[in-house]
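Going line by line, the protein sequences match chains A and B. In terms of the working numbering, the first sequence opens at residue 1 and continues consecutively. In terms of the working numbering, the second sequence opens at residue 1001 and continues consecutively.
Quick caveat, the hints were computed from the structure, so don't treat them as lab data. A few of these clues could be false.
[Claimed, not checked] Facing chain A, according to a computed beta carbon distance under 7 Å, are these residues of chain B, among others: (1) Trp-1060; (2) Ser-1061; (3) Leu-1065; (4) Val-1070; (5) Val-1197; (6) Gly-1201; (7) Arg-1299.
[As the list claims (entries may be wrong)] Listed next, the stretches of chain A that the computed footprint assigns to chain B, with coverage defined by at least 3 CB atoms under 8 Å from CB atoms of chain B: (8) 13-25; (9) 179-186.
[Unchecked claim] Stretch by stretch, here's where chain A covers chain B in the computed footprint (C-beta under 8 Å, at least three residues): (10) 1044-1052; (11) 1186-1194; (12) 1300-1307.
By construction, the Cβ of each residue, glycine as well, lies at the ideal position given by its N, Cα and C atoms.
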Amino acid sequence: MAEVATLQQQLASAGYIAERSLAAALLLMIDLKRPLLVEGDAGVGKTEVAKALAQVRSTRLIRLQCYEGLDAHAAMYEWNYQRQLLAIKLLENDERSMALKEQDIFSERYLLKRPLLEAIGCAQPPVLLIDEVDRADEAFEAYLLELLSDFQMSIPELGTVTATTIPLVVVTSNGTRELSDALRRRCLYQYVDYPSFEKELAIVEIRAPQAAGELAGQVVQFVQSVRRMDLQKKPGIAETLDWTAALLRMGIATIAEDGAEQLLETLAALIKTRDDRTAFTREVLARIAATC
Amino acid sequence: MLITAPIPAALDPAATLRSRLTGFSGFLHANGFGVGGGDSARVLATAAQVGILDREVLRWSLKALLCGRVSEWRRFDPLFDAYFLPPNRKAFVEGAVDTPRQHAPAGAADDRGEASPAKRSKNARDEPLLAAHYGASREESLATTDFRELVNADHVRDIEALMRRFARRLKHLQLRREARALSGRRIDLPGTIRRSVERGGTPLSLAWKDRRRIRPRLVLLLDVSRSMSAYSFFYLRLARALSAELADVHSYIFHTRITAVSEALRDADPWRAQEKMHLMAAGWGGGTRIGECLRAFNRDHAARRVHSRTAVIIVSDGYDTGEPETLAEALVGLRRRARRIVWINPLATRPGWSPTSRGMQAALPHVDLLAPGADLATLEHVLPDIIETLR
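Isolated chain B (complex conformation) (with noise of 0.2 Å):
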């Protein structure tokens, strides 16, 4: 049976059975997936049509319903799990399905009954991964990075403005590809034929082809470790109003280990964006190894995120506690990829400042520029070197 929790007598069992359904889309949404007001009928809609009586058929059903990118779909199963089937119950009725899912070990399907020691211990670990998700560790996450002030209202509408201002001049660079225009440059020979037919075949009017304005995609790589920490919200926020502003940016947070955190800053709660970069960041420690994270950009994202019109933009003071070989090799392996890599370092605002550490040495030569940028007024003030960098 699917449904476990126990039914008051009183309550008919089909309108429980069908408001159990249909509150698993709101509890997803409480979970962060982006189901809207419809699924919930879908939900009932695609349970009439596969049935209730098969757990795994339904849940792949779900999953294929309710899910809409990767991330909500590693996510799925615990979900699924923690909502149908009472924790204690869970491991008995894993055992005791006739199909173990793909990813179970390949004796699953041999132990039904009783659970294993070994199954017990996974359960455990389960349960505060399920209290996450509910984003109740606030405290722990606080001591490693202070994304508070992400949800500050003082600045925010400046950088929302400076950004904005960023933006539009983004959408001036030109890259050379052509599409049909009002005039231009050179004629569009089959817009011009087409024209031509209601004139019987003169081409009276011409149509015309120019170059089509398309921005470069932007990859932010922020820093976020402890040595960073006075900026690291101001550019936090900087990728929050940027990714508001244009389409094609992606965040990345990284200190000691890279996370992409785009679809957090996306999240139209500040508040909730801030609980997700604290769950993202909890657990960090340790010295900033900028190499290793630029390795690892490489290795997990690069190949997707970064393409020959993509700008990677760096935030960093450039203290690496890893060997400087390993940040010029990945900066090298980054460089061929992507059209231009800036680096944004705050420090460089300070007066006297040089590249003297021996993460900036390394960097150095494989960066097409180095800006200082501290805040709003001296960032505004390298914002032109940048765009010229960008063109």
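Isolated chain A, as found in the complex (with noise of 0.2 Å):
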């Protein structure tokens, strides 16, 4: 229990307000060696996560964004092929033998490191964020679960590259496909729900402290209540951080039921579509601020 709250403690100096539950599968992700899949709805804060561990660890972050169509040569390594023409041009005159020639052209300066191959040769264990996994092809999860069970990439040219430190690997999802079993199974999991009161009421403390006090408690209650709304995108954690900006910036110190006209003015920072800014009448946000 006592490693769990110096953990928590740790990740609150690097500013991420962080449940038990997750420090204690953090924890466990350090020792067990085993990727942590983190998953959630956009916007609770699972890339912090990663970006938290690195500071605490002081240690790089290296991030692998997930998108459609992500292969192989974008996420481990490619050839730098117009280096490797121009230095064919050049050895053409050279006396050396065809095999040492190939060997120079196939070695690790004309290699491009994609994030893959970086982090699994970084001197001391890099935190590997794979941000949004299920963006990616189910063929790229095949790819990730060779790496993730024996953290090693075969090269054709140059063999097999085995990790000199094996990285701690955040995976994220927002569950808009479903993740294979598989890579499921090879992971440790945590879902991040959206924050309670206390825990985002924290949040708002650490990351912008110019809002303590009064405020920064209506902002958070505010934000509460709008999620509880019938809403298409309900604002996340950066959204209520975004508006509390908006909020200072506006000279706005206190949310009241008769300060509506300027509320509205700060939307933009809150609610992002169309539909769910109709929803939002002066009445409406008297209302809610009436409560808060």
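Using the hints, put the two chains back together into the complex; each one sits in its own frame.
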């Protein structure tokens, strides 16, 4: 328990408020050297987990942003063809044997390291963030599985590259696609929900210290009410922080019923679709503000 | 102390502890968790790592280790309690722990010792829930919807064959996205340069790019209300066969509420799939509220499940006891996200049928295709139309 509390504290000083269960999972992940799969709605701070972890461990954060059509070349390695071609031209008048020339052309000098290869070659174990893995194709997931189980990669021209250190892998998913059971089984799992009032208040106070006090409480109360509404896109923690900044910028020091007109002007930071925006009339705002 | 079950004095306590811990993954497996053979060894390793004296740390660690998806995540805590804590001691132990669980009420840490009446009643409510986890409540849910046919062997093969054909046809649907290919319409420049390396920089053989074939995602919304009872089993079987064939299929059943059933349908054991459906549909009653269910779908699932390549297929007879305006509104919302909306109406196969019911009238302007389909034969007939619409 002491270890969990310590890590929680370290994460907090890195600007990340973690629940105890998340801190426990992170400790387990470090001990067992298994990747951690973090799921949850957009904007609940999944990516921040990896950033904070890297800061706490004072190590590098290597990020692989997944997207549809991401292939092994973009994620693992690619040969620098242009430089290789140039080298071939330059080597034409070289006296060395063919085999030596070839060895030179397919050496690490001409290898472009992409995030995955970079992550297994660091001297100090980095934090490898594989962001939004559900956006990548299933084929890529299979590549990833191979890497996550053995932490080695085969490059035909070079041979097998084995990890010098095993990175701390954080995999995030928004759940737009069902991930394979194989990937789920390989990872530890953590589901992150929208934060409770207390947790979100702590986040606002730590990330926007100027708003501390009455305003922070009101902001969080307001956002929590907004999340209970029937919206297309619920505001995440990033939106809460943006909105807090917007309020401060507008010089609004307190959220009150009669200040609804001013609040309307700051909504751009909180509400992100047209349909949701039309739901926020002056009256609705005043009603929510009255409860804060 | 964590293990509260009486331990016979003759047994080695360490061995008992080990078997108790290793038995936990089997217990989760019996409750439908996707835990595998190696997991009980991992439980032991984890317990050795984090220690067993602190119940909450063990809980969080095992939760991270053994859960694989949100549904498992949400069910883990009661199962953990049920396994490691005898029910009559649960309230007592809960109060005695120094740190309340995250969602416990603020006062939980104060009332150590004697359990409060509120907590007792909470436990009383938990009991039948756990019984349900073991699948004991078949009789009461039989009254709502008949899922028994899901395991009936007749027709299953025919349905599977039809769904295989459907899946194959879907694979031919093309969407604009290019990938490296053996031959194609456009030259892949980086690929060509790469190949030219082996010829000293002369691009003798060209690399190509071609359109890649990406299947649309399918979302099935199945009406399982009483008026649909003659057809719902057929469509559930169909959804099951389709889920086995294609990876990107998401199924939901609705009636007065809407529930995701993809996971239950994917269960390899058809009996357990049936059991899960019973539990999900248990306690539903009253008329069909299509509009409200679609609205709930838009609110809770659409953001994640429906993207620009998604075809939503609604199977319903259109008898909506809710307001038609709600239905129209929900369909407009769904249309904005989805690529296509297809409505399959079993009643439409009857001669002389016309979409005159209020629900159908409201829905008609917003769907891309209204197709009749009551059984295998009629559905096979309209399948080309459906595929054409999904294109």
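Q: Hold the hint about Leu-1065 of chain B up to the distance rule: shortest CB distance to chain A must be less than 7 Å.
A: holds (6 Å)
Q) Under the criterion of a CB-CB separation shorter than 7 Å, is Gly-1201 of chain B in contact with chain A as hinted? A) holds (5 Å)
Q: Please count how many residues of the region 1044-1052 of chain B have a CB within 8 Å of a CB from chain A and say whether that reaches 3.
A: holds (count 4)
Q. Can Trp-1060 of chain B be said to touch chain A, with a Cβ gap under 7 Å?
A. holds (4 Å)
Q: With a cut-off of 7 Å on the beta carbons, see whether Ser-1061 of chain B makes it to chain A.
A: Ser-1061 of chain B check passes; min Cβ-Cβ to chain A is 5 Å, inside 7 Å.
Q: Quick one: see if chain A covers the region 1300-1307 of chain B, three-plus residues with Cβ-Cβ under 8 Å.
A: The restraint on the region 1300-1307 of chain B holds, since 4 of its residues have a Cβ under 8 Å from chain A and three suffice.
Q. Would the stated hint for Val-1070 of chain B survive a check requiring a Cβ distance to chain A of less than 7 Å?
A. Given a least distance of 5 Å, the restraint on Val-1070 of chain B holds.
Q: Please count how many residues of the region 179-186 of chain A have a CB within 8 Å of a CB from chain B and say whether that reaches 3.
A: holds (count 3)
Q: Please verify that hint: Arg-1299 of chain B, Cβ, nearest Cβ of chain A, below 7 Å or not.
A: holds (6 Å)
Q. For the hint on Val-1197 of chain B, does the least C-beta distance to chain A fall short of 7 Å?
A. holds (6 Å)
Q. Okay, the region 1186-1194 of chain B and chain A, do three or more residues pass the C-beta test at under 8 Å?
A. With 3 residues in contact (Cβ-Cβ under 8 Å with chain A), the coverage given for the region 1186-1194 of chain B holds.
Q | Coverage claim, chain B over the region 13-25 of chain A, checked by counting residues with Cβ within 8 Å (three needed) | A | Since 5 is at least three, the answer is holds.
The structure shown violates none of the earlier numbered hints.
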